[in-house]
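Asker: Protein chains in written order, with the numbering used here: chain P, 1 to 572; chain B, 1001 to 1259.
Just so you know, the hints here were simulated from the structure itself, not pulled from any lab data.
One or more hints might be untrue.
Said to hold, decoys possible - Using 25 Å as the maximum straight-line C-alpha spacing, the simulated BS3-like pairs for lysine-lysine come out as follows:
1) P/LYS337 <-> B/LYS1244
2) B/LYS1043 <-> B/LYS1173
3) B/LYS1244 <-> P/LYS510
4) P/LYS9 <-> P/LYS507
5) P/LYS415 <-> P/LYS491
6) P/LYS86 <-> B/LYS1042
7) P/LYS332 <-> B/LYS1244
8) B/LYS1252 <-> B/LYS1121
9) P/LYS339 <-> B/LYS1121
10) P/LYS492 <-> P/LYS415
11) P/LYS510 <-> B/LYS1121
12) P/LYS332 <-> B/LYS1252
13) B/LYS1037 <-> P/LYS86
14) P/LYS86 <-> P/LYS503
15) P/LYS86 <-> B/LYS1244
16) P/LYS411 <-> P/LYS491
17) P/LYS479 <-> P/LYS510
18) P/LYS337 <-> B/LYS1009
19) B/LYS1252 <-> P/LYS510
20) B/LYS1252 <-> P/LYS337
21) B/LYS1173 <-> P/LYS339
22) B/LYS1009 <-> B/LYS1128
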Amino acid sequence: MMAESMIIKGGIVYDPLNGVKGEKTDIMIKDGVIVSEVPSDAKEVDASGKIVAPGGVEMHAHVAGPKVNAGRTLLPGDFRRYYVPKTDSLRALVGYAVPTNYTTGVKYTELGFTTVFEPAMAPLDARHTFEELEDMPNADKAVFPVFGNNWFVFDCVKDNDIEKLKAFIAWMMTETKGYGIKIVNPCGAYMWAHHHSNVTSVDDVVPEYDVTPRQVLRGLAQANEELGLPHTIHVHANMLGRVGNVSTTLDTLKCVEDIKPHPSREQVIHLTHLQFNCFGEDENHRICSGAEDLAEYINSHPQVSADLGQVIVDVPTCTMTSDGPAEFFIHKALGPKAKWINGDVEAECGGGIVPITYRSNNPFNAIQWAIGIETCLLVKDPWRVVITTDHPNGGPAWYYPRVISWLMSKKARDKMIETVHKSVQDKTSLVNLEREYTWEEILICTRAGPAKLLGLKSKGHLGEGAHADVAIYPIDPEKVDMANQPEEIEKKLWADMVIKDGKFLVKNGKTITTERGRTYLINQYYKDEEHKRMLKDLKEHFQKWYSITFNNYRIQDVFAPRPQTVSINPIS
Amino acid sequence: MYQVSFKLKKEAPRLEIDTLTPDCLCLCSAEELKSVKIWRGKKEVPASEHFEVKGEPGPTPEETMVVIENCKPFVHYAGMFMSGGILKIKGSCGNYIGSRMTGGLIEVEGNVGDMVGEEMKAGKIVVKGNAGNYLGSAWWGDTTGMTGGQIVVEGNVGEMCGQWMEGGYIRVKGNAGDFLGVKQVRGIILVEGDAGYCCGAGMTYGRILVLGNVEILPTYEPDGTYEQLDILDEIFKGPFQLYKGDGAEDGKGDLYVRK
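In isolation and in its complexed conformation, chain P is listed as follows (with noise of 0.2 Å):
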């Protein structure tokens, strides 16, 4: 069925990449893209008054996949924080900080947005991620295969066969269906499948294979904007969650310095959940922030982007990750209570789960709190930095109202040191910012950023041709003082209506109806000549370490019913 067309009338417009800052003009919509011109009997949408936004685009939640479901068992009482009983339009929602994915896709829509990325997928578990996606409704949604610790990477990297590599990756994504690289503690995961250990900088040897975390960076970095993938490396550095580490995430960016970008972009680096790999080290071996280095490196590099991380505390939540090691370290730290799932999966990459409540009374968790609040502060250019919450791992994404009012509310932020532990007052330097967001920044930071930076032509914005994703939000900008009155933001950032591809999902801040997203995916493969040599190795190393047969390695198509291939740009 094609979606009618419809004009939203007298709403405030913010599409920072058109250059639209909270100017009333109407958007007319037709076949379910963004048109300059509609039929005269076009439906008319009352919005005035409202802010009416591009759809929303996330970059980085953990929302399908076998650790995902990993983490629904671990946290049976999760299922009774938060349900709704079914309803004639929807089915039950059920869950909190790891709902089902029927939840994930309902709760996102009402968030105002309309597409989630999956970051962390192990390629040999491809066929579950998708089976999940497929039951997420409404999003449009996107894969990043795990990459940092593939033993046929390692191979490549220590041969510097960059074509060789680039021909993996190519295959890679269009076997598994995947769209980025993501990179999870290179190397770290491998120490601690086969030796118990973890690397502890980029330059610690795979005993092994003789390469470092730095090689497999570099070298992931180049193939990658030499391939020309839509998005730039998806990096979790080396070192997470443990003190001190923001010189080894500094040393991770400083790696990749001289790499040149792609033409049609200007990074080369994404770092993720930065909050967790930003903790500086004081005198006594303590804890403290470590935001101001890297925010300096961010705001003097164009090279990088990174998103938050942020923490919300006192909920309960689960954290889910590739890296194996950091879940055990975790684990050990939580004492008795913590539950923990340790996973490995052959020759590619690893995993752990621990669920967890960050507490505002344990200096610590109450410095991480602080950490990704004061670096989104600190960093200059909102293009390159994107307000996450590394759904679940520091909170669930249904927090996202309260993060965007701590960050455009110095009175919020303040109240919410008041509650926290005394140490964010002298470890961090969040008290003595004034800096406070602004609309169109934070319309940057959760829509238009992260759209460009990872490449999507038809998400983001409003302009002709676009996609109709449109988010509306029942706020005057004019009306509400955003610095003083920080509940109405954290109330009203739920979506009065979203319209998605053209279609009414959400109405009066209610769900009406549920739609199927479409999957972003790659389906291209490398030069032929290269293909071929790359793929001769690649069987002899199935055959050698992998389970599984070469030929059930690639899942079918049917795993993604609506694909809208991406094609990539080799640079020759």
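Go by the hints and put chain B onto chain P.
Answerer: Just chain B now, with coordinates in the frame of chain P:
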């Protein structure tokens, strides 16, 4: 004190009456009282379909007493989330009585099912008969049980009583089943009769008193004797042997057993 009574007149395989608490009923008019919804299986029905409704609720939960008469074991979730007032249950009752309650008093004349006072925070539950398993414990898979309040059972209790308990007081006048106070973190459990096997397994802090017979786990170490003990201003004559444990969890819990 204002009183509302619900007399069971029609049976059903399963009824869930978490709405029949002083909190939900206070300020209700006579009309509203009749149309209060309860769950029968997976259908929501008015309470008057299954209960004879009488009386008038008070203006606040604290001034309201709710009486469930002729109660049967297929009635579940009585007094869930209750924060004040009195709930009297005449007859036996099903599972989840006083689950996650934050105040008030629940009195049950007969026996009760499983998960009584599950994750309760404050208030008091008195059971004149026997209680089932998981009394004052955590929800399955969760790690925080009862954090405050009191539960008194005059009969026996089933297994896993006080599992993951983090505060409050459980008193059992009869015998307790197996796995008493498993993974207990804080709080006091007093059993006047015997306790089953694996008493206090995985306990880290907190206190368990057993006046009858109990088999001590090998991971507990003897740690002195006491002539008498003072539990909430009540003196219990000894002599008591104190065991510290559970050693398997590096725990520092106290298990007192009458010699």
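Asker: Each of the hints needs a verdict: does it hold here or not?
Answerer: Quick rundown of the hints versus the structure:
At roughly 19 Å between alpha-carbon atoms, P/LYS337 and B/LYS1244 fall within 25 Å of each other, so this suggested pair holds. The suggested pairing of B/LYS1043 with B/LYS1173 is violated, with an alpha-carbon distance near 38 Å, which exceeds 25 Å. Among the hinted pairs, B/LYS1244 with P/LYS510 is inconsistent with the structure: their alpha-carbon atoms are about 55 Å apart, more than 25 Å. A hinted pair counts as satisfied when its Cα atoms are at most 25 Å apart, and P/LYS9 with P/LYS507 qualifies at roughly 16 Å.
Using a Cα cut-off of 25 Å, the hinted pair P/LYS415 and P/LYS491 holds, with the two alpha carbons roughly 17 Å apart. Taking the CA atoms of P/LYS86 and B/LYS1042, the gap is about 11 Å. The hint holds against a cut of 25 Å. Of the pairs offered as hints, the one joining P/LYS332 and B/LYS1244 holds, with about 24 Å between alpha carbons and a cut-off of 25 Å not exceeded. Distance check on the hinted pair: B/LYS1252 and B/LYS1121 sit about 23 Å apart at the alpha-carbon level, within 25 Å; holds.
Restraint check: the Cα-Cα separation between P/LYS339 and B/LYS1121 comes to about 23 Å, which is no more than 25 Å; the hinted pair holds. Distance check on the hinted pair: P/LYS492 and P/LYS415 sit about 19 Å apart at the alpha-carbon level, within 25 Å; holds. At most 25 Å may separate the alpha-carbon atoms for a hinted pair to count; P/LYS510 and B/LYS1121 exceed this at roughly 33 Å. Only pairs whose Cα atoms come within 25 Å are accepted, and P/LYS332 paired with B/LYS1252 is accepted, the gap being roughly 19 Å.
Our distance criterion of 25 Å between C-alpha atoms is met by B/LYS1037 and P/LYS86, whose separation comes to about 17 Å. With a CA separation close to 22 Å, the supplied pair P/LYS86 and P/LYS503 stays within the 25 Å bound. With a CA separation close to 50 Å, the supplied pair P/LYS86 and B/LYS1244 exceeds the 25 Å bound. Using a Cα cut-off of 25 Å, the hinted pair P/LYS411 and P/LYS491 holds, with the two alpha carbons roughly 16 Å apart.
A threshold of 25 Å between alpha carbons decides the hint, and for P/LYS479 with P/LYS510 the separation of about 24 Å falls inside it, so the pair holds. In summary, the hint linking P/LYS337 to B/LYS1009 is not supported, as the alpha carbons are separated by about 46 Å, beyond the 25 Å threshold. Straight-line distance between C-alpha atoms of B/LYS1252 and P/LYS510 comes to about 51 Å, which puts the hinted pair past the 25 Å bound. Distance check on the hinted pair: B/LYS1252 and P/LYS337 sit about 15 Å apart at the alpha-carbon level, within 25 Å; holds.
Taking the CA atoms of B/LYS1173 and P/LYS339, the gap is near 34 Å; set against the 25 Å cutoff, the hint is violated. For the suggested pair B/LYS1009 and B/LYS1128, the alpha carbons sit about 23 Å apart, so the restraint of at most 25 Å is met.
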